[in-house]
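Just so you know, the protein sequences line up as chains A and B, in that order.
Using my numbering, the letters of the first sequence map in sequence onto residues 59 to 171.
Using my numbering, the letters of the second sequence map in sequence onto residues 19 to 133.
Keep in mind the hints are simulated off the structure, nothing from the lab.
One or more hints might be untrue.
[As the list claims (entries may be wrong)] Only pairs whose alpha carbons sit at most 30 Å apart, straight line, appear in this in silico DSS-like list of lysine-lysine: (1) A:K61 to A:K111; (2) A:K115 to B:K21; (3) A:K61 to A:K113; (4) A:K71 to A:K113; (5) A:K113 to A:K76; (6) A:K113 to B:K21.
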Amino acid sequence: DVKVTQSSRYLVKRTGEKVFLECVQDMDHENMFWYRQDPGLGLRLIYFSYDVKMKEKGDIPEGYSVSREKKERFSLILESASTNQTSMYLCASSLSGGIYEQYFGPGTRLTVT
Amino acid sequence: DAKTTQPTSMDCAEGRAANLPCNHSTISGNEYVYWYRQIHSQGPQYIIHGLKNNETNEMASLIITEDRKSSTLILPHATLRDTAVYYCIVRVVNAGGTSYGKLTFGQGTILTVHP
Numbered sequence: 059d060v061k062v063t064q065s066s067r068y069l070v071k072r073t074g075e076k077v078f079l080e081c082v083q084d085m086d087h088e089n090m091f092w093y094r095q096d097p098g099l100g101l102r103l104i105y106f107s108y109d110v111k112m113k114e115k116g117d118i119p120e121g122y123s124v125s126r127e128k129k130e131r132f133s134l135i136l137e138s139a140s141t142n143q144t145s146m147y148l149c150a151s152s153l154s155g156g157i158y159e160q161y162f163g164p165g166t167r168l169t170v171t
Numbered sequence: 019d020a021k022t023t024q025p026t027s028m029d030c031a032e033g034r035a036a037n038l039p040c041n042h043s044t045i046s047g048n049e050y051v052y053w054y055r056q057i058h059s060q061g062p063q064y065i066i067h068g069l070k071n072n073e074t075n076e077m078a079s080l081i082i083t084e085d086r087k088s089s090t091l092i093l094p095h096a097t098l099r100d101t102a103v104y105y106c107i108v109r110v111v112n113a114g115g116t117s118y119g120k121l122t123f124g125q126g127t128i129l130t131v132h133p
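With the hints as extra help, turn the sequences into a complete structure.
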């Protein structure tokens, strides 16, 4: 079974803090993704990575950066957290190639106060 | 990617088949139909996908009309654990490019399975 794990289920941070969200997958997948999910807006892609050290912007990259130093790990960084980044953050992974399904982690609910 | 239309909510009795429709009338030839579901407080879960032929796996069946403008996800014997939001997604599958990985989730159908 593919397993995608995220470092925290719930996180509370203050405005201006630097926040790290970690994602690890154990299936040797090339692709990894970060989404955020907000009521009424569905899932929106923040960044994705198709190989180690490679990244591409998604639909809403502003205010975020990512790091992929190892194939199994993909980190999302909020350089200076703001209240409008309060959201559910979901990580996913898949094999290379667009046809393959994405496997999601359980999500991190981040609250920025 | 083509836009999809799904009913907002549906009910189903436990043990019965749940048939979830999806309209994707603007689908183009190189777009696949994917279904995911999201149980409350969990990440989305892949169910099934197809291009034009009907597909079946251990979770569900996918019926795509001949003109490919609509499809139906069938859960043959719904259980209480199938209560979730079901998303129908249509997307282009490219060999390259940067959009191939993105999934665009709409509002989905809230399926409630009753005892």
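Verification of the hints:
{"no.": "1", "hint": "A:K61 to A:K111", "result": "holds (21 Å)"}
{"no.": "2", "hint": "A:K115 to B:K21", "result": "holds (22 Å)"}
{"no.": "3", "hint": "A:K61 to A:K113", "result": "holds (21 Å)"}
{"no.": "4", "hint": "A:K71 to A:K113", "result": "holds (26 Å)"}
{"no.": "5", "hint": "A:K113 to A:K76", "result": "holds (20 Å)"}
{"no.": "6", "hint": "A:K113 to B:K21", "result": "holds (27 Å)"}
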